[in-house]
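Enquirer: Top line first, the protein sequences correspond to chains A and B.
Residue 91 in my numbering is what sits at position 91 of the first sequence, and the numbering runs on without skipping anything.
Residue 360 in my numbering is what sits at position 73 of the second sequence, and the numbering runs on without skipping anything.
No wet-lab data here; the hints were simulated from the structure.
The structure displayed is predicted, hence computed values, not measured ones.
Glycine included, every Cβ here is placed at the ideal spot set by N, Cα and C.
Treat each hint with caution, since some may be false.
[What the hints assert, rightly or not] According to the in silico footprint, chain B covers these stretches of chain A (three or more CB under 8 Å from chain B):
1) 55-68
2) 79-89
3) 255-264
[To be verified] Partial list, computed: chain A residues near chain B (C-beta under 8 Å):
4) Leu23
5) Thr28
6) Val73
7) Ala74
8) Phe92
9) Gly95
10) Phe100
11) Leu108
12) Phe136
13) Pro165
14) Pro179
15) Ala213
16) Phe224
17) Ser237
18) Ala246
19) Leu272
The lines below spell out each chain.
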Amino acid sequence: MLRQNTYFPLFLTAPVVIALFALLLYPTLYTFYIAFHAPDSGQAFSLSATMFLDLLRQADFWNNVVVTMKFTVASTVVSFLFGLSIAYAMEFVRGGKDFFLSVFIIPLAIMPAASGLIWRTIVEPTSGIANHLLSFIGVSGFSWATDSSTALFTVILVDVWQWTPFCFLILHAGFRSLPPDVHEAATIDGARPLRELWDISLPLLTNVLIITAIFRFMEAFKAFDTTYIITQGGPGSSTETLVLRAYKEAFQFYRPAITSVIGLWLLISTVLCTRYAGDRIAKGDTE
Amino acid sequence: MTHSPLARRIAIAWLVFAAIFFMAPVLWMALQSFKSPLDFNVVPPKILFTPTLDNYRAVLGNPAFLSAFVDSIIVTAIGVGLGLLLGVPFSYALTRFDFRGKNDIAHFILSTKMLPAVVIIVPLARVFDYIGLLDTRLALGIAHVLLVLAVVVWVLRTFFQKIPQEVEEAGIIDGASWFRIMVDIVLPMARPGIVTVAGLAFLFSWNDLFFVLTLSSFNVQTLPAFLTTEYTGYLAVNWGELSAAALLSSLPVVVIVALLRRNLVSGLAMGAVK
Numbered sequence: 001m002l003r004q005n006t007y008f009p010l011f012l013t014a015p016v017v018i019a020l021f022a023l024l025l026y027p028t029l030y031t032f033y034i035a036f037h038a039p040d041s042g043q044a045f046s047l048s049a050t051m052f053l054d055l056l057r058q059a060d061f062w063n064n065v066v067v068t069m070k071f072t073v074a075s076t077v078v079s080f081l082f083g084l085s086i087a088y089a090m091e092f093v094r095g096g097k098d099f100f101l102s103v104f105i106i107p108l109a110i111m112p113a114a115s116g117l118i119w120r121t122i123v124e125p126t127s128g129i130a131n132h133l134l135s136f137i138g139v140s141g142f143s144w145a146t147d148s149s150t151a152l153f154t155v156i157l158v159d160v161w162q163w164t165p166f167c168f169l170i171l172h173a174g175f176r177s178l179p180p181d182v183h184e185a186a187t188i189d190g191a192r193p194l195r196e197l198w199d200i201s202l203p204l205l206t207n208v209l210i211i212t213a214i215f216r217f218m219e220a221f222k223a224f225d226t227t228y229i230i231t232q233g234g235p236g237s238s239t240e241t242l243v244l245r246a247y248k249e250a251f252q253f254y255r256p257a258i259t260s261v262i263g264l265w266l267l268i269s270t271v272l273c274t275r276y277a278g279d280r281i282a283k284g285d286t287e
Numbered sequence: 288m289t290h291s292p293l294a295r296r297i298a299i300a301w302l303v304f305a306a307i308f309f310m311a312p313v314l315w316m317a318l319q320s321f322k323s324p325l326d327f328n329v330v331p332p333k334i335l336f337t338p339t340l341d342n343y344r345a346v347l348g349n350p351a352f353l354s355a356f357v358d359s360i361i362v363t364a365i366g367v368g369l370g371l372l373l374g375v376p377f378s379y380a381l382t383r384f385d386f387r388g389k390n391d392i393a394h395f396i397l398s399t400k401m402l403p404a405v406v407i408i409v410p411l412a413r414v415f416d417y418i419g420l421l422d423t424r425l426a427l428g429i430a431h432v433l434l435v436l437a438v439v440v441w442v443l444r445t446f447f448q449k450i451p452q453e454v455e456e457a458g459i460i461d462g463a464s465w466f467r468i469m470v471d472i473v474l475p476m477a478r479p480g481i482v483t484v485a486g487l488a489f490l491f492s493w494n495d496l497f498f499v500l501t502l503s504s505f506n507v508q509t510l511p512a513f514l515t516t517e518y519t520g521y522l523a524v525n526w527g528e529l530s531a532a533a534l535l536s537s538l539p540v541v542v543i544v545a546l547l548r549r550n551l552v553s554g555l556a557m558g559a560v561k
């Protein structure tokens with residue numbers, strides 16, 4: 001560490017602290033204020049925790065929680081494993097790495113609003129290409145986004161399409177960072193690729209794996225674009241995540257207080273995750 | 288590497304499958320963008336048809352699309368500009384100096400990436416309304432700081448860590464001020480990193496749908512909002528125009544990702560891999 005100068009770091013950090021206060025901290029405190037002052041009921045200044053707790057008694061809310069968890073867990077697990085598998089498969093390729101790399105990052109470059117709309121045309125039940133292709137293998141009449149039993153599956157599929165490349169990129173770089181003799185030593189010993197992956201590469205990459213999973217989880221937890229565009233939370237409320245519900249309450253039904261209450265529950269979950277994630281990432285950073 | 292031919296064959300088959308999965312929707316979008324309305328809503332969907340440029344003509348001749356493009360460019364410029372202006376010096380301070388609460392602020396920054404924006408959006412809209420900025424490009428650009436700051440700070444950190452301290456120490460001995468050292472010595476050396484985070488920040492800001500839906504209504508409509516409002520109803524959607532507009536909207540990011548491909552891999556991954 002260099003010789004210290006008291007004022008210079010302050011000069012560098014103060015603008016960020018001010019910006020974060022204005023954009024994040026103050027609005028968060030304001031959210032508390034709205035949530036506990038129940039302005040929707042007209043009691044502008046009566047501090048009450050009823051709304052905050054009332055929500056816990058609503059079936060709707062628990063449906064939102066369940067949808068959010070299903071979406072977040074399924075999307076995280078699938079895109080993580082998919083990303084991991086192609087990142088590892090890349091290790092077996094001699095030529096053409098650059099081609100695969102270019103193809104795999106394409107979904108990252110496509111605007112989520114655009115890909116949501118395009119996927120809608122793809123999974124359109126009658127004229128969409130997806131059902132047409134499925135008809136070749138004898139599967140017919142899949143309703144995709146328009147049936148409450150398959151809608152969640154559809155938005156998870158699109159989310160996996162959009163975000164697997166993100167997992168892939170980090171994990172690919174992880175594998176690249178391993179010393180080349182790791183693979184060689186293993187193959188000389190006659191280890192099968194999966195054994196080698198499980199016993200040698202993955203343990204060396206523990207930190208990368210955890211950080212990738214955390215980032216992916218957080219991104220899926222607050223996902224908005226795809227679901228908003230493909231299903232708007234429907235049919236019924238089969239794809240209505242907490243974020244989507246909170247958005248609708250404020251900007252479609254004009255009930256900002258409920259948004260604030262849901263927001264507080266989201267905040268609590270986020271703080272719990274961030275504490276763990278922050279520690280974990282900071283640890284990886286100094287290791 | 289000395290993998291068995293069988294393992295390699297399985298791996299390549301899996302990669303080819305993945306390539307098709309990632310590429311097909313984009314190719315389909317490209318294909319659709321050349322279809323005339325007559326070739327749509329046909330069962331089964333047409334793979335072969337007479338291509339037309341009408342959709343691109345229609346989109347590029349649509350004043351709403353062009354104004355959304357301009358709004359997107361201005362908002363992203365403000366968002367990325369502010370993000371770099373705040374984030375670059377901050378990231379440098381985090382890497383080079385020790386001060387109280389340093390790690391707390393760093394974690395706080397990370398939390399901006401993790402907090403669902405919907406938690407703060409109602410008060411944020413009220414604040415912008417109060418200062419008369421609601422529904423302006425400036426407000427949207429300022430809000431985008433929340434999208435880009437964490438990426439700028441955390442990814443750039445690893446670039447700053449790689450710059451040898453001796454260079455800066457030499458500057459101190461020469462009697463240069465800290466500000467001069469940062470601007471004249473450190474920032475030029477960190478340029479590849481700054482380009483990378485600028486690219487990433489561009490991606491996040493350009494693609495944002497949530498803030499534009501919530502902080503803007505009539506005056507500002509960036510491309511994601513344009514696509515959503517213009518093509519959302521299920522009926523009477525012109526799929527050809529939609530595909531052309533979607534491709535054109537994604538084009539700037541496609542170009543940036545293609546140019547920065549290698550940097551993005553290392554940039555995104557460096558923090559995690561280190």
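Enquirer: All the hints need checking, so say for each whether the structure fits it.
Expert: Hint check results:
1. By the rule of at least three residues with a Cβ nearer than 8 Å to a Cβ of chain B, the coverage given for the segment 55-68 of chain A is violated, with 0 such residues.
2. With 5 residues having a beta carbon nearer than 8 Å to a beta carbon of chain B, the segment 79-89 of chain A meets the requirement of three or more and the stated coverage holds.
3. Under a criterion of three residues with beta carbons nearer than 8 Å to beta carbons of chain B, the stated coverage of the segment 255-264 of chain A is upheld, 6 such residues being counted.
4. With a cut of 8 Å, the hint placing Leu23/A at the interface with chain B holds, because the nearest CB-to-CB distance is about 6 Å.
5. The beta carbon of Thr28/A is positioned within 8 Å of a beta carbon in chain B (closest approach about 6 Å), and the interface hint is therefore held.
6. Interface hint status for Val73/A: violated, as the beta-carbon distance to the closest one in chain B is roughly 16 Å, over 8 Å.
7. Annotation: interface hint on Ala74/A violated; nearest CB of chain B at approximately 17 Å, more than 8 Å.
8. Checking Phe92/A against chain B by beta carbon gives a least distance of about 4 Å; that is within 8 Å, so the hint holds.
9. Contact between Gly95/A and chain B, as hinted, is not supported at the beta carbon level, the nearest pair being about 11 Å apart and thus beyond 8 Å.
10. Because the smallest distance between the Cβ of Phe100/A and any Cβ of chain B comes to about 5 Å, under 8 Å, the interface hint for this residue holds.
11. Taken as an interface hint, Leu108/A checks out: its beta carbon lies about 6 Å from the nearest beta carbon of chain B, inside 8 Å.
12. Taking 8 Å as the C-beta contact cut-off toward chain B, the hint placing Phe136/A at the interface is violated, the least distance being around 10 Å.
13. Given the 8 Å rule on beta carbons, the hint for Pro165/A holds: about 7 Å separates it from the nearest Cβ of chain B.
14. Against a cut-off of 8 Å between C-beta atoms, the interface hint on Pro179/A is violated, since the closest Cβ of chain B lies about 12 Å away.
15. Interface hint status for Ala213/A: violated, as the beta-carbon distance to the closest one in chain B is roughly 10 Å, over 8 Å.
16. For Phe224/A, the shortest C-beta to C-beta distance to chain B is roughly 5 Å, which falls under 8 Å, so the interface hint holds.
17. The restraint placing Ser237/A at the interface with chain B is violated, with a minimum CB-CB distance near 16 Å, outside the 8 Å limit.
18. Here the hint on Ala246/A is kept, as its CB sits about 4 Å from the closest CB of chain B, short of 8 Å.
19. For Leu272/A, the shortest C-beta to C-beta distance to chain B is roughly 11 Å, which exceeds 8 Å, and the interface hint is violated.
Hints 1, 6, 7, 9, 12, 14, 15, 17, 19 from the earlier list are contradicted by this structure; the remaining hints agree with it.
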